[in-house]
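Visitor: Protein chains in written order, with the numbering used here: chain A, 14 to 762; chain B, 55 to 280; chain C, 267 to 347; chain D, 267 to 347.
None of these hints come from the bench; they were simulated from the model. Incorrect hints may have been included.
As the list claims (entries may be wrong) - To give a feel for the contact side, a few chain C residues facing chain D, derived at Cβ under 7 Å: (1) D273; (2) G299; (3) I300; (4) A301; (5) D302; (6) V303; (7) R304; (8) Q305; (9) G306; (10) E310; (11) M328; (12) F332.
What the hints assert, rightly or not - These stretches of chain C come out as covered by chain A in the derived footprint (C-beta under 8 Å, 3 or more residues): (13) 277–285; (14) 334–343.
Glycine included, C-beta positions come from ideal geometry on N, C-alpha and C.
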Amino acid sequence: MSLDTVENAAATPDTPLPWKELGLKEDEYLRVREILGRRPTGAELAMYSVMWSEHCSYKSSKVHLRQFGEKAPQSDAMLVGIGENAGVVDVGQGYAVTFKVESHNHPSYVEPYQGAATGVGGIVRDIIAMGARPVAVVDPLRFGAADHPDTKRVLPGVVAGIGGYGNCLGLPNIGGEVVFDACYQGNPLVNAGAVGVMRHEDIHLAKASGAGNKVILYGARTGGDGIGGASILASETFDATKPSKRPAVQVGDPFQEKLLIECTLEAFAEKLVVGIQDLGAAGLSCATSELASNGSGGMTVVLDDVPLRDSTLSPEEILMSESQERMCAVVEPEKVERFLAICEKWDVIATVVGEVTDGDRLEIFWHGEKIVDVDPRTVAHDGPVYERPLARPEWQDALQADDANKLPRPADAAALKEQVKRVIGSPNQASKAWITDQYDRYVQGNTVLAQPEDSGMIRVDAESGLGVALATDGNGRYAKLDPYTGAQLALAEAYRNVATTGARPLAVSDCLNFGSPEDPAVMWQFSEAVRGLADGCRQLGTPVTGGNVSLYNQTGDVAIHPTPVVAVLGVIDDVARRTPVAFAEQGQLLYLLGDTKEEFGGSAWSEVIHEHLGGLPPAVDLERERLLGDILISASRDGMIDAAHDLSDGGLITSVVESALLGGNGVRLVVPEGLDAFTFLFSESAGRAVVAVPRSEELRFTDMCGARGLPATRIGVVDGDAVEVQGEFALSLGELREIHEGTVPGLLA
Amino acid sequence: MTARIGVVTFPGTLDDRDTQRAVGIAGAEAVPLWHRDKDLKQVDAVVLPGGFSYGDYLRAGAISRFSPVMESVIAGAKSGMPVLGICNGFQVLTEAHLLPGAMLQNDRMRFVCREQKLRVENAGTAWTTEFTAGQEIRIPLKNMDGRYTADERTLDALEAEGRVVFRYVDTNPNGSLRDIAGVTNEAGNVVGLMPHPEHAVEPLVGSGGTDGLGFFTSILRKLVSA
Amino acid sequence: MARVVVDVMLKPEILDPQGQAVQRALPRLGFEGIADVRQGKRFELEVDGPVDDAVLARVHEMAETFLANTVIEDFVVKVES
Amino acid sequence: MARVVVDVMLKPEILDPQGQAVQRALPRLGFEGIADVRQGKRFELEVDGPVDDAVLARVHEMAETFLANTVIEDFVVKVES
Ligand SMILES: Nc1ncnc2c1ncn2[C@@H]1O[C@H](COP(=O)(O)OP(=O)(O)O)[C@@H](O)[C@H]1O
Ligand SMILES: [Mg+2]
Chain A
14 MSLDTVENAA
24 ATPDTPLPWK
34 ELGLKEDEYL
44 RVREILGRRP
54 TGAELAMYSV
64 MWSEHCSYKS
74 SKVHLRQFGE
84 KAPQSDAMLV
94 GIGENAGVVD
104 VGQGYAVTFK
114 VESHNHPSYV
124 EPYQGAATGV
134 GGIVRDIIAM
144 GARPVAVVDP
154 LRFGAADHPD
164 TKRVLPGVVA
174 GIGGYGNCLG
184 LPNIGGEVVF
194 DACYQGNPLV
204 NAGAVGVMRH
214 EDIHLAKASG
224 AGNKVILYGA
234 RTGGDGIGGA
244 SILASETFDA
254 TKPSKRPAVQ
264 VGDPFQEKLL
274 IECTLEAFAE
284 KLVVGIQDLG
294 AAGLSCATSE
304 LASNGSGGMT
314 VVLDDVPLRD
324 STLSPEEILM
334 SESQERMCAV
344 VEPEKVERFL
354 AICEKWDVIA
364 TVVGEVTDGD
374 RLEIFWHGEK
384 IVDVDPRTVA
394 HDGPVYERPL
404 ARPEWQDALQ
414 ADDANKLPRP
424 ADAAALKEQV
434 KRVIGSPNQA
444 SKAWITDQYD
454 RYVQGNTVLA
464 QPEDSGMIRV
474 DAESGLGVAL
484 ATDGNGRYAK
494 LDPYTGAQLA
504 LAEAYRNVAT
514 TGARPLAVSD
524 CLNFGSPEDP
534 AVMWQFSEAV
544 RGLADGCRQL
554 GTPVTGGNVS
564 LYNQTGDVAI
574 HPTPVVAVLG
584 VIDDVARRTP
594 VAFAEQGQLL
604 YLLGDTKEEF
614 GGSAWSEVIH
624 EHLGGLPPAV
634 DLERERLLGD
644 ILISASRDGM
654 IDAAHDLSDG
664 GLITSVVESA
674 LLGGNGVRLV
684 VPEGLDAFTF
694 LFSESAGRAV
704 VAVPRSEELR
714 FTDMCGARGL
724 PATRIGVVDG
734 DAVEVQGEFA
744 LSLGELREIH
754 EGTVPGLLA
Chain B
55 MTARIGVVTF
65 PGTLDDRDTQ
75 RAVGIAGAEA
85 VPLWHRDKDL
95 KQVDAVVLPG
105 GFSYGDYLRA
115 GAISRFSPVM
125 ESVIAGAKSG
135 MPVLGICNGF
145 QVLTEAHLLP
155 GAMLQNDRMR
165 FVCREQKLRV
175 ENAGTAWTTE
185 FTAGQEIRIP
195 LKNMDGRYTA
205 DERTLDALEA
215 EGRVVFRYVD
225 TNPNGSLRDI
235 AGVTNEAGNV
245 VGLMPHPEHA
255 VEPLVGSGGT
265 DGLGFFTSIL
275 RKLVSA
Chain C
267 MARVVVDVML
277 KPEILDPQGQ
287 AVQRALPRLG
297 FEGIADVRQG
307 KRFELEVDGP
317 VDDAVLARVH
327 EMAETFLANT
337 VIEDFVVKVE
347 S
Chain D
267 MARVVVDVML
277 KPEILDPQGQ
287 AVQRALPRLG
297 FEGIADVRQG
307 KRFELEVDGP
317 VDDAVLARVH
327 EMAETFLANT
337 VIEDFVVKVE
347 S
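For reference, chain A alone in the conformation it holds in the complex (with noise of 0.2 Å):
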């Protein structure tokens, strides 16, 4: 096709589009030509194809995400909210904290390692884009069944792309999950999340203000990465069945984003930026239009200045390219050449290729001629919203009447004693440092607590100790049984695991894993979810700054468990403070915080001993959780206890393995009174922790508890070098090492 330049739109009407093959339906289409008063360019299609998408423009989500706003509690450390690239929290000292969950499933899926490599380096390119140095990565994975041959095909690319990628630009792995579930076969959910770090001061914000001021595009030259669509608009013939040129799959190249990052943190220290946008999907499409849309005035761009990999690409596919690795900076002309010195100096390619007007038009030229002149608001914000129907699964009800709590229990002290191996030794349940080795957990010379602690913790400021804990959690399981209910377990797991290394929860982000969205039944869970992380948001006091919703997500007419992924977010005053897991010291007694009552439904018990899920998942009592959160921040703030960690999926046996294997100290436990030794091990009560107190703390620490109303109950002492269950059975720390260390080399290596 000849260029279809604006003109030529306007002079030929009838010319047919493929819209259709780029994605949109007929009336979002009809949409574009109302919005322009005539037919779209083939230029201008592209961008409203890729910025109306349900990725981009999220739809078909957008009516429920309202919510995170609407019942969003009142914070003062809300600096940045929904909205922009990443959300910011105040955490004092002057200091502001940007944190951010995305999600790279699809991708992961063909290339795992290409995939999960490009997902770490488009949430960093967030976290830069609001003007903080990144400190850290966290990785919330979810694999299919772990005995499949095809998990063994993604698992170890995904690993070693999320290594390859965040290892080499510097960022410690602090945190994630690994989770095994056959729903995932087909759909593993990887999501990535990142935190940064800014004086409060350098927050900036993508926007284009200021006519005269320029636009640059620097980092890496653009190819045609992931514009299969794109490529039909160049073409004669307007053929989607003709094979593509197009690379399907992005090659990220992580050097380059190092460069990035270090070259945006100089020109930001300089002040000479006013304002920025990273380069995600849709490319320039999306940068362009967001950046003019937020800003006062217009923009144009001259195309033909976009440095390329590929000197074939047209118009087309140059605005809808997704090559990795890119961004655009808006900079006052005086300070333009200070800019580029900066990107000479990092070896970052940097070009003007635009310039902010007074107008309010995106205006884009190629050869000379305009080939776009929209108003970028309705690329950016207008896109179509959906109310789409939603409805409870008729098989909800029979699944939550599957009782797990019927479930036959271990006869015997021996049957007890042999699933505690099977639990501890299970996929889920076992060690991940095959995994988390893989990572670089040191890197930057401020990491307090990373993997295997219950959250992530970085040092912000030497001088006074400041430090940010990061937690992520999830339980598809959960969420499957009762999604309101199981997005709020998610949020209340990262609250407490956020707690109990001592810091205050502060924030929340979110990546919302969901089946398609066409499907009533897959709206509902999704609808339930939401509705239930906003309330429990408003109720626990920590706002949702921001996050990312993956849709979609299914093989078939099958659907992946509804996978809310929780990011919580909080501040410690004095790193020094921090709360450990492992149980360190000999003699120190044990107390377990919180109510254990028969909840078995969604349990690990339940998966590895029956293969079964139903019932109702454990009951949520998020008051119940901001006392326990005080009470473990207060403990450790006051050096009342010794080490301490969360109890959840795989309950309290799983927990006491993990640390008595950390300290490399045995445990004695007896089971307290009202309780039998199956519920006290395996239940999987919410708002539960246990810790190790010195006995020198003991009254201290049960005055407070008592005080405040927090069933605190002594359950053993550390001691010898067994986990023993007086009564029932003792495993050595040797046995149960090779369980709990074992699993996982054993499947995957």
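Position chains B, C and D with the ligands against the provided structure of chain A, taking the given hints into account.
Guide: Below, chains B, C and D with the ligands without anything else, positioned relative to chain A:
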């Protein structure tokens, strides 16, 4: 007057800030050096820190070795200036032929990050006098290309001349020949090792120990008493 | 024993950060006039017995399913003489 | 534009875990009869102008000083036709 210790930044260097901090904690003055500058700013010693300079593309250290700053480092090293290469810095030193041998991908073909036990074999180099021979220390190790390799003759010579400075104990994490974790040149002023002493200088962060501090106090003592 | 070689290169449209890093370093080392560098892998396979069409077909299959990642890489099978 | 290829392989006496891992995996994948596998690197250089002896000599030097680490690797320079 305290010693001035240069810390080089190549594109892709990661542990430069940590190394500067470690130098400062030891009581010396850290002087940042940039790869494009031949000027060593009159430093008394140089550290090449860890990271992925040039992405470790081609081979770890292979591209950095040709940078302008390395011309001066090579000249300085040959005339006795103390030089320490940590991880990627060690790789640069072997690529620059200031240290014998070469580094290959770990035998397990995965990145490895762990707390590593080492034995100090030579406490006489510029960077190890605060240790005693035979002492065991724990510092973090993290690398993809850490398998130290040289031909048998070279290895025998290194052993005979006491130029193996550190050896891995308990676990050989990357398949290094003869468990070698670090070596020195004939003069003992240039030392390279794979593990990261700069991540073990404060009790609270990194691996939690302070066994790495000895590297920096060793050089400080040598320079100040010289 | 005969040797069969499999050369695996990134597809031309795929970004090759390694090759680019090499290319950008060359002028600094005094090597001008190299317009492009691509870096790939070379596998040398020592085959028991003679290399006939059947063996080559098997190596081809091996390359396709295992040695190369055909999502991003192309490969060529050659008999080394 | 002409193409010059530099093949870089580990010296025979150097352990090649990547090659070994490939070799070990082959029988599991149903490929028998491969006695040894070595994995190396292949560089494709696009040269501006004709490839004469002077150019080849320069590429040779480039390989020796830069593309290969001759402590552990051997290399071969070839003109691709
Ligand atoms: N993919 C991963 N990357 C980094 N750390 C991980 C990963 N998976 C698990 N971890 C870490 O391992 C530890 C145990 O994980 P998990 O049992 O899921 O913790 P919890 O149940 O307390 O949330 C935690 O410190 C967690 O951050
Ligand atoms: Mg935990």
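Visitor: Each of the hints needs a verdict: does it hold here or not?
Guide: Hint check:
1. D273: 5 Å, holds
2. G299: With a closest approach of 5 Å, the C:G299 hint holds.
3. I300: 5 Å, holds
4. A301: 4 Å, holds
5. D302: Holds, because the Cβ-Cβ distance from C:D302 to chain D comes to roughly 4 Å (cut-off 7 Å).
6. V303: 6 Å, holds
7. R304: With a closest approach of 5 Å, the C:R304 hint holds.
8. Q305: OK, holds: C:Q305 within 7 Å of chain D, min 6 Å.
9. G306: 5 Å, holds
10. E310: 5 Å, holds
11. M328: 5 Å, holds
12. F332: C:F332 check passes; min Cβ-Cβ to chain D is 6 Å, inside 7 Å.
13. 277–285: The restraint on the segment 277–285 of chain C holds, since 6 of its residues have a Cβ under 8 Å from chain A and three suffice.
14. 334–343: Three-residue rule met by the segment 334–343 of chain C, so holds; n is 3.
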